[in-house]
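Visitor: The whole structure should be built from the sequences, with the hints applied where relevant.
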Amino acid sequence: MSLLLRNHIRLARASIKQNRTRSFLTCFGIAIGIASIVLILSLTGSISSLINHEVSGIGSDLVVVRPSRSKDSVTSIVEELTSASSFERSSLSMVDVATISEVEGVTAVAPIAVSTNTLMNEENTIPSATIIGTSPEFTTIEPLPLKYGVFLNNKNSNNAVVIGHDLALKLYNTSNPVGRTLSFCGQRFIVVGVLDELENTINFDNVNFNESLFMDVEAMENVMDYVQIQQINIKVLNTSLLEPISTNISTALKDNRYGDTNYSVSYGDAISHPASNLLMIISGMLALVSGISLIVGGIGIMNIMLVSVSERTHEIGIRKAVGASGYNILMQFIFESLILSIFGSILGIFLGYLLAFFVSLVTPFSPYFSWEIAVVTILTAIVVGVLFGTYPALKAARKKPIDSLRYYR
Amino acid sequence: MDNVVIKLSNITKRYGYGDTASFALRDFDLEVKRGEFIMIMGPSGCGKTTLLNVIGLLDRATDGEYILNGEDVSSISAARQARLRAKKIGFIFQNFNLIENLTILDNVALPLVYVNRPRTVRLKAAAGALKRFHLSEREYYHPSQLSGGQQQRVAIARAIVSDPEIILADEPTGNLDSRSSNIVMEELKAIHEEGNTIIMVTHNPSLTSYATRVINMLDGQIDTDIKTVADHNLPQPIYVRTKKHRGRTKEIEAVEEEEI
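Protein sequence lines correspond, in order, to chains A and B. Under the numbering used here, the letters of the first sequence match residues 45 to 453, in that order. Under the numbering used here, the letters of the second sequence match residues 1157 to 1416, in that order.
Simulated from the structure, these hints should not be mistaken for lab results. Please note that a few of the clues may not be correct.
If you want the ones that stay clear, here's a sample from chain A, every Cβ over 12 Å from chain B, calculated [stated by the list, open to error]:
hint: 1; residue: Arg66
hint: 2; residue: Val141
hint: 3; residue: Ser145
hint: 4; residue: Glu166
hint: 5; residue: Val194
hint: 6; residue: Asn197
hint: 7; residue: Glu262
hint: 8; residue: Met268
hint: 9; residue: Ser294
hint: 10; residue: Asn321
hint: 11; residue: Ile325
hint: 12; residue: Ser334
Covered stretches of chain B, as calculated for chain A (at least 3 residues, CB under 8 Å) [to be verified]:
hint: 13; region: 1266 to 1276
hint: 14; region: 1279 to 1285
hint: 15; region: 1288 to 1294
Since this is a predicted model, take the numbers as computed values, not measurements. Beta carbons are placed, not taken as given, at the ideal position from N, Cα and C, and that holds for glycine.
Guide: Rendered as structure tokens:
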């Protein structure tokens, strides 16, 4: 059997060499399909690794409470995307923040309420600036380097704001506006601090801290009619206690809310899951679309194999006359298409990474290498090769020896 | 029963059905003994080639019984047919039927591929067979680089490389000039004298001098059947003889090795 196998491979190689241009073009058809899949997987891989990296940057001792139950399944994520639930009122409140801060092992609790509003001062107007309502404990959880001034504290919380580096430049045309005022919703506030410029500007649900304004959540509640707490960040005493503490938080919240469990407590990698899941759906869709180009490539293989079979009818006749069985002929042609598609997929992997590299030159993504991508693409190529090679190979195998011997080109 | 390689009884090959039915072979009976060199003659369309195809397991008879080497092969599977073709039957065709993109050596070695011989064994055997036909220098040529006579000798080398029970030749000299035909016929004669069984279809009556038996066919049946050599005088394969004379085995093998 292994002898025959080697023989099939040798035969296929010889036949492919004989029609170099044709074989290369066929391979190229497969390569384009594989390349687009590799490109998509590599880019989405780099995005999700970026997200994971950010989460690990936030800190491993972080517990996050979010409104509404955690969404694990794909359908629930899609449901959320298509429903109007994002306009619903958040189920978290300041009462919950108070409840959590009493749980044992919790060192800091910071609610995060994100809103947008128009900011004004004497010089400039920013039409839609991000306003983050939080508590002074926020810096304990997420250390934010200050460039000038101080962060929010219990004494200044009523009318103080801290602004991001870029926002300071936009509003005051200077990087140090500490002590100056701004207004929104008909109230005036004093800038007490300016954040240092942050490198990782995408953080916490795509909020760009460089362009944001921080203020006390209770002051925010006074200005705006209501605030929505999108998230509560909690710092715990000890990383090893993450699991029991988050369970305690969960039960404490449940007891305090008369059994209502419309919230989710997550820590570690699970924090980034909603984003990763969504990304997986999108990359799956894209890969599926590029799979269509793979089908086109597969049809190319089938076409060429059919040509090859009819060109070699006489040869098939001779082979059968000297003792080749239908199975031998079948395997000969399946191996030929298999080798075409495997060569194509190897070419495609190189091509895909080359493209990913070029894309990475103009985007913040770096191409993401993994053996899974290589395995998946090679396996796909094998499936395509066998799938689209079988029909021509069967056609070859079923040829009657006397008819084929009579056939001349 | 002894020494019978092929036994055909009531073989019928019909094409078409009902009113359009025509018979290439009609109740054909034939018994071929080991060592016979049979020439089949007859007008075009009398069923010579069909007979050869049926014997060579390339085609199936519509009806009748075919016993090859004691095995009933009338209704075996296509895979088994292929296996028997690889092991027991060597073909020589009028148009040589060599694979154009394989070298001469690979062409000769081709039947051994399908009986699972390792590559080195195949190439050695093929080189041996080619040497026998004085084509050793042409091993890495392609068929189109050889003359018709040389190509046919390559085809004969391919036919004998796997030591088949019978060699079937369908007008092997049909495409050759008289000089090349003579060379090819001499080679076939030499193979026959080693004890091979040959069935050959021809249109050329002058070649019948090589045969031990001449069959004339007409309308799918035997017209005349003349044996020119008595059965007990037929050449027998070496291995059959060595079985009879145990003492000489070594000696013959040694001679054989020298020849190769």
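Visitor: For every hint, state whether the structure bears it out.
Guide: Now for the hints, and whether the structure bears them out:
Here Arg66 of chain A stays apart from chain B, with its beta-carbon at least about 14 Å from theirs, past the 12 Å limit. The beta carbon of Val141 of chain A sits about 78 Å from the closest Cβ of chain B, which is more than 12 Å, so the claim that it is off the interface holds. Every CB of chain B is more than 12 Å from the CB of Ser145 of chain A (nearest about 79 Å), matching its label as outside the interface. Every Cβ of chain B is farther than 12 Å from the Cβ of Glu166 of chain A; the closest lies at roughly 87 Å, confirming the non-interface assignment.
Every CB of chain B is more than 12 Å from the CB of Val194 of chain A (nearest about 83 Å), matching its label as outside the interface. Listed as outside the interface, Asn197 of chain A is consistent with that label: its C-beta sits roughly 84 Å from the nearest C-beta of chain B, beyond the 12 Å cut-off. Every CB of chain B is more than 12 Å from the CB of Glu262 of chain A (nearest about 85 Å), matching its label as outside the interface. With a minimum CB-CB distance of about 82 Å to chain B, Met268 of chain A clears the 12 Å threshold, and the non-interface call stands.
Separation of Ser294 of chain A from chain B is adequate, the least Cβ-Cβ distance of about 67 Å exceeding the 12 Å criterion. With 12 Å as the threshold on Cβ separation, the claim that Asn321 of chain A sits away from chain B holds: the shortest Cβ distance comes to roughly 52 Å. For Ile325 of chain A, the requirement that its beta carbon stay farther than 12 Å from each beta carbon of chain B is met, with the minimum near 49 Å. With a least CB separation of 36 Å from chain B, Ser334 of chain A remains clear of the 12 Å interface cut-off, as annotated.
Using a Cβ-Cβ cut-off of 8 Å, 9 residues of the region 1266 to 1276 of chain B lie near chain A, which meets the minimum of three, so the contact claim holds. With 0 residues having a beta carbon nearer than 8 Å to a beta carbon of chain A, the region 1279 to 1285 of chain B misses the requirement of three or more and the stated coverage is violated. Remark: the region 1288 to 1294 of chain B is not confirmed as covered by chain A, as 0 of its residues place a Cβ nearer than 8 Å to a Cβ of that chain, below the required three.
Going down the numbered hints, you'll see the structure goes against 14 and 15, while the others check out.
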